[in-house]
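> Please work from the sequences and hints to get the whole structure.
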Amino acid sequence: MKKNQITFVLFLGLMVSQLTSCKKKTPTPAVVETGTVTINLNHKWGTANGSDFKLDTTLVQPDTGDSLNFTTLEYYVSNFKLKKSDGTWWVHPDSYFLVDLSNPGSLSLNLTNVPLGTYTDVNFTMGVDSLHNVSGAQGGALSTTNLMFWSWNSGYIMLKVEGISNNSQTGSFAFHLGGFSGADNIVTDKQISFSGSSLSVSSNHTSKVFLQVNPDWLWHSAPSVSVLNSIHVPGSDAKTMALGFFANNSITFDHIVE
Amino acid sequence: MKQIIFALILISAVVFNFVSCKKKDGNVSTYNATNWGFKIPANFPLPNYTFENNAQTIDRFGLGRLLFYDNILSLNNKISCSSCHAPDHAFSDHNVALSAGIGGVLGTRNAPSLSNLAWYPAFMWDGGVNHIEVQPMVPLTSPTEMNETMANILAKLNANTNYKNLFKKAYDVDVITDQVLLQALAQFTSMLISADSKYDQYIAGTASFTDAEKTGLDIFRNKCAGCHTEPLFTNFSYENIGLDMVSVDLGRQLITQNPLDRGKFRVPSLRNVAKTYPYMHDGRFFTLSQVLDHHINGALNNGITDSTLLQLTPLTSAEKLDIIQFLNTLTDIQFMVDPSLADPTH
Chain C
0 MKKNQITFVL
10 FLGLMVSQLT
20 SCKKKTPTPA
30 VVETGTVTIN
40 LNHKWGTANG
50 SDFKLDTTLV
60 QPDTGDSLNF
70 TTLEYYVSNF
80 KLKKSDGTWW
90 VHPDSYFLVD
100 LSNPGSLSLN
110 LTNVPLGTYT
120 DVNFTMGVDS
130 LHNVSGAQGG
140 ALSTTNLMFW
150 SWNSGYIMLK
160 VEGISNNSQT
170 GSFAFHLGGF
180 SGADNIVTDK
190 QISFSGSSLS
200 VSSNHTSKVF
210 LQVNPDWLWH
220 SAPSVSVLNS
230 IHVPGSDAKT
240 MALGFFANNS
250 ITFDHIVE
Chain E
0 MKQIIFALIL
10 ISAVVFNFVS
20 CKKKDGNVST
30 YNATNWGFKI
40 PANFPLPNYT
50 FENNAQTIDR
60 FGLGRLLFYD
70 NILSLNNKIS
80 CSSCHAPDHA
90 FSDHNVALSA
100 GIGGVLGTRN
110 APSLSNLAWY
120 PAFMWDGGVN
130 HIEVQPMVPL
140 TSPTEMNETM
150 ANILAKLNAN
160 TNYKNLFKKA
170 YDVDVITDQV
180 LLQALAQFTS
190 MLISADSKYD
200 QYIAGTASFT
210 DAEKTGLDIF
220 RNKCAGCHTE
230 PLFTNFSYEN
240 IGLDMVSVDL
250 GRQLITQNPL
260 DRGKFRVPSL
270 RNVAKTYPYM
280 HDGRFFTLSQ
290 VLDHHINGAL
300 NNGITDSTLL
310 QLTPLTSAEK
320 LDIIQFLNTL
330 TDIQFMVDPS
340 LADPTH
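The listed protein sequences derive, respectively, from chains C and E. Heads up, the final residue of the first sequence is numbered 257 in numbering that gives the first Met the number 0, and it's a clean run with no missing numbers. Heads up, the final residue of the second sequence is numbered 345 in numbering that gives the first Met the number 0, and it's a clean run with no missing numbers.
Don't take every hint at face value.
[Stated by the list, open to error] Partial list, computed: chain E residues near chain C (C-beta under 7 Å): (1) T140; (2) Q178; (3) L181.
For the record, the hints were derived by calculation from the structure and aren't laboratory data. All of these numbers come straight from a predicted model, not from anything done at the bench. Built from N, CA and C at the ideal position, the CB exists for glycine as well.
This is how it looks when you write it as structure tokens:
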């Protein structure tokens with residue numbers, strides 16, 4: 000019964016959408032004034048205000064003592080929301096970003112058409128929400144051409160980290176972390192306050208939020224690469240490692256430039 | 000009743016698409032627009048795939064059909080989806096246990112017959128694929144199948160003027176992306192509907208069964224339908240049927256990581272089963288008689304084997320013959336010779 004109704008509504012929707020898509024384009028109504036916000040990710044390593052995180056550089060993980068030389072670090076962030084000073088949230092539609100440390104352009108996330116006003120917090124999802132893991136072919140940052148999709152066990156690789164290390168028995172490490180349902184779910188919500196500062200968005204202007212990201216949190220609870228040097232399936236190992244980074248204080252507010 | 004109403008809505012939605020978009024689309028190909036479209040057979044439940052974000056149109060379907068039969072999707076441009084899913088075998092492979100990918104490399108599993116996929120909640124023998132649109136990612140990129148990369152497939156398609164035009168017409172895109180490629184393939188695979196077998200006609204009251212077929216159906220409903228549930232002839236559960244004491248192929252365990260799922264495989268649909276030999280996930284049995292001897296009368300108790308199966312009283316040879324007579328009524332010749340599902344270039 001319920002399913003019938005849902006499907007009914009769906010097809011009603013289909014018909015309506017056809018109507019709109021096939022009719023002649025009408026002139027768009029008066030433009031609402033908006034601004035742009037960029038979320039800039041600065042990757043650090045070690046303690047707060049530690050050294051810069053860089054690919055192809057040997058870095059020592061403070062908890063495990065491993066020497067790690069990263070060749071790849073990629074992860075998804077999605078579903079951005081900004082909190083207005085009146086406490087309400089503005090939701091950015093369809094925001095999926097693949098952060099790729101080998102692509103400097105991907106470290107600055109562009110939120111366009113933000114309504115004018117003052118904002119105090121940003122909220123986003125670490126990973127890709129479960130809905131977009133089960134809804135078929137996707138575009139944009141979620142395209143399979145980014146090689147962040149498992150074909151044989153459908154779902155996004157939400158974080159991929161690879162590199163070389165003398166501490167690993169094979170000389171290398173590769174962690175592909177994903178999982179969006181039940182006990183294997185690693186998708187995590189993150190809210191970051193601008194620590195008393197506020198972000199004002201003005202017309203035709205780009206305001207910048209700077210955040211610090213510390214990938215060393217991946218080994219917050221995960222063992223040394225001498226014990227575990229690869230993960231390629233969702234499950235408890237993936238969850239331990241991913242949540243070390245997704246769920247803890249690994250991303251912190253730095254400053255705002257208006 | 001509800002299903003009929005639903006079907007009517009669906010049909011009107013599809014017809015409506017034609018009417019409303021006809022001007023934009025230009026010609027409506029060779030199909031009769033009022034008859035063509037996704038329809039829910041009378042005795043079927045609601046489908047799982049509802050063309051959300053991929054509304055059905057004849058141009059999209061035609062494009063998916065062309066792609067399904069085109070070797071361009073494989074690394075050496077020598078095999079297509081239809082190489083392993085041939086219409087005259089109810090879209091299974093040509094009676095081989097394991098399929099040969101490019102360069103003749105064999106895979107590890109039997110290519111299943113493709114029908115009624117829009118009703119499937121998950122795909123593959125282990126259910127690892129969760130959506131009809133992303134399913135082609137496996138054969139397209141698997142080294143034992145078409146061994147391509149998505150980037151290279153898109154480069155080939157984007158360099159092909161015919162495909163550029165067809166995708167522009169169907170999806171209004173200037174650059175072909177993986178999203179529209181996968182959506183186009185789903186437009187075709189979701190239309191592989193087999194629901195016109197003698198069994199379906201018997202249920203509809205337009206054909207009659209012989210005594211043997213009737214007895215076979217009774218035994219089937221008694222002993223098999225718990226797993227091979229009508230009308231799709233699968234309940235989509237994963238079962239270990241005791242083929243081996245220790246299963247080499249981990250099956251469902253590969254997806255769940257649970258050792259108790261070792262050797263469990265998705266209950267296969269039995270539609271067109273007389274035409275889709277050899278049988279089982281690895282194609283180990285050539286005849287239905289062998290299947291019944293091992294699957295029902297010879298199931299091994301490996302600790303994971305489904306217990307209802309172990310408790311079934313063995314089938315007598317008369318019962319076996321009746322069941323096989325019944326299984327033969329699931330053959331849908333119309334489905335296999337349907338010109339709208341055949342290779343469009345032949």
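> Indicate, hint by hint, whether the structure satisfies it.
Checked hints:
{"no.": "1", "hint": "T140", "in the structure": "holds, 6 Å"}
{"no.": "2", "hint": "Q178", "in the structure": "holds, 4 Å"}
{"no.": "3", "hint": "L181", "in the structure": "holds, 4 Å"}
Of the numbered hints listed earlier, not one is contradicted by the structure.
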